[in-house]
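The task is simple: from the sequences and hints, build the whole structure.
Protein chains in written order, with the numbering used here: chain Y, 241 to 431; chain A, 241 to 431; chain L, 241 to 431; chain D, 241 to 431.
A few of these clues could be false.
You can't tell identical chains apart in this list, so a pair holds if it fits in one copy or across any two.
Stated by the list, open to error - Simulated pairs of lysine-lysine, BS3-like, Cα-Cα distance not exceeding 27 Å: (1) K243 - K308; (2) K266 - K277; (3) K378 - K243; (4) K378 - K266; (5) K277 - K243; (6) K364 - K387; (7) K387 - K266; (8) K364 - K378.
Note that these hints are calculated values from the structure, not bench results.
4 protein chains.
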Amino acid sequence: MEKNRLEAFSDGVIAIIITIMVLEMKVPHGSDFVSLKPLLPVFLSYVLSFMYVGIYWNNHHHMLQTVKHVTGGILWANLHLLFWLSLFPFVTGWMGENHFAAMPAGLYGLVLLMAAIAYFILQKSIIVSQGENSLLSKAVGRDLKSKLSSLLYVVGVLAAFYSPILSGLIYAAVALMWLIPDSRIERVVRN
Amino acid sequence: MEKNRLEAFSDGVIAIIITIMVLEMKVPHGSDFVSLKPLLPVFLSYVLSFMYVGIYWNNHHHMLQTVKHVTGGILWANLHLLFWLSLFPFVTGWMGENHFAAMPAGLYGLVLLMAAIAYFILQKSIIVSQGENSLLSKAVGRDLKSKLSSLLYVVGVLAAFYSPILSGLIYAAVALMWLIPDSRIERVVRN
Amino acid sequence: MEKNRLEAFSDGVIAIIITIMVLEMKVPHGSDFVSLKPLLPVFLSYVLSFMYVGIYWNNHHHMLQTVKHVTGGILWANLHLLFWLSLFPFVTGWMGENHFAAMPAGLYGLVLLMAAIAYFILQKSIIVSQGENSLLSKAVGRDLKSKLSSLLYVVGVLAAFYSPILSGLIYAAVALMWLIPDSRIERVVRN
Amino acid sequence: MEKNRLEAFSDGVIAIIITIMVLEMKVPHGSDFVSLKPLLPVFLSYVLSFMYVGIYWNNHHHMLQTVKHVTGGILWANLHLLFWLSLFPFVTGWMGENHFAAMPAGLYGLVLLMAAIAYFILQKSIIVSQGENSLLSKAVGRDLKSKLSSLLYVVGVLAAFYSPILSGLIYAAVALMWLIPDSRIERVVRN
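Structure representation (structure tokens):
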């Protein structure tokens, strides 16, 4: 039951994050196509963040399936992850409004990186609580996909000072890589 | 259980969408009737969108009743639907603030069309996952109502460039058509 | 199960309404007591609306305990109630920002009245679906409290054009009357 | 079941509070580091409030585990707690935007104090409903941690008129004290 409430709370927070991001796409005052045009980068950065939050919800959901007992450590590691996810609306709005300028594109990548680290800490907390040879530990394996993602976020942050568009493309590439559902956990759970 | 969390997450996102739309109806500074008057089109477009989001919630709820196992495809098709629904507050606010001007009324219809297509894709994903002769497939039948709606959205989008008010009336007519609960699924589930 | 999802969705919408109302209390730019002072009426109208939404959540919760099967009529009557509740943040903000001026205080009462009527329709839909001698029908009885409330809302709306403060006091009095939990349903359910 | 709905509603409200606070961190118009700098105090006050709301969610969750039957008193005491928590986004925004000025830092502490009192009232309502020798009563004991917190909030409010930064540090210290999960209830529940 304890786990259900953790899931319900996380689902609530993630559902709100994914939805209030759209509030950063301010309704323009004009009614013609010209007044809509400056919103294109805001829309693109919204699409990117929507994909990321969706991916986090999906993976979070799979990972928690392996949890039986929620420890204090898992609880705080989960809140820590939600904290970084809660910054998505801010960095999405900033990157969009400034048409993928250097600083905003770099900060966006930094928040992606912090969320990835927070996810990694949560994963570790769950594995520790499950003891050696845990279900999740087997499912995760060497976790190359996460390591590659984190590396690409760092590359994206650095690239922002040369070409913020390149950063955006790197972030989008990582998102696409994750859109393929993580079948590792599903496979291990089924066995 | 997996399905419960998908339902809970979708319910959360839809509940937030239907509620934050009201934030686009900005509180006027004056306190007389005159300052309230320009809000009438915003209110009307809010009522229309409230009906649409309510209809989607209702139909989504009925459709998911037939689902037993959530596949990766269903999961992403569901997020794709939520994405288009999440644009409702934006297009509702834009159409309302511009008193049903051409472009905003056209874009509103386009988002309605995209949401309808996303709903169709989700429906297909569920039918595919259930195999031939699925419950949902029987319930949906030839799906004339959805096809007619999509056609009317296209008509509404085109009509916006002649008379945006006409577009609004077409969208309202489609909504009224859907207010009658979809008894097809209920009937098949009961048998 | 169907009922659970209706409850969950309603809870979600009501939770969002009660929480986003606080966004109408705009953070002032100054940092002294003087800049806080004009927010007092906004705060008072927020407290009033918080009480009302809390009361609706509480009564809604008790009423739905008597429901076994959710019909299409109940579903739409419920959405209709949520629609009027969703206007609370708007009328709360308008009444507060204009320091309880005539029109805003009158509109606030009108929305209270519409929500009360919507609640009455939902109650009727549930009683109809339960057949004669229904549990809820017995619990509600002659429903004097609701009738008195509606009458007082009408008085409050009319009073707004003489003294908006009087309207506010009437609305507050009705809220206090409802703060005493409705033991009628609890009593009948227990028997 | 009644308790489940109370938990779900509270979770919903707390999830929304913790997430909409980020909306007070307005996206700056410039795209350089200079335009981000004034947001630092807003960010710090956001982090502080995120921790507090997380702590309240966690403790609320533990406390409700001991509840079997929800009385009217518990229900209203719970809504009273949610009311004070709902003011967090406002005081967080005000304190942040004014770079920890005296009045905002004092008001922040006052809301912390009121939330602590509301939590205490909710705790009392639960203990009263459980009768003497209740589970929660044993778990809470002399409740020194809560008493110390309340005292420190008062000190923080008074300190705001000498050094608002000191107030912020006191509030942060109390939060850190609570980050250690409250094992008292867990221990008693297990026995």
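Going through the hints against the structure:
| no. | hint | result |
| --- | --- | --- |
| 1 | K243 - K308 | both (7 Å within a copy, 18 Å between copies) |
| 2 | K266 - K277 | both (12 Å within a copy, 22 Å between copies) |
| 3 | K378 - K243 | both (21 Å within a copy, 25 Å between copies) |
| 4 | K378 - K266 | neither (45 Å within a copy, 43 Å between copies) |
| 5 | K277 - K243 | neither (45 Å within a copy, 39 Å between copies) |
| 6 | K364 - K387 | within (14 Å within a copy, 35 Å between copies) |
| 7 | K387 - K266 | neither (36 Å within a copy, 32 Å between copies) |
| 8 | K364 - K378 | within (12 Å within a copy, 34 Å between copies) |
Comparing the model with each earlier hint shows violations of hints 4, 5, 7; every other hint is respected.
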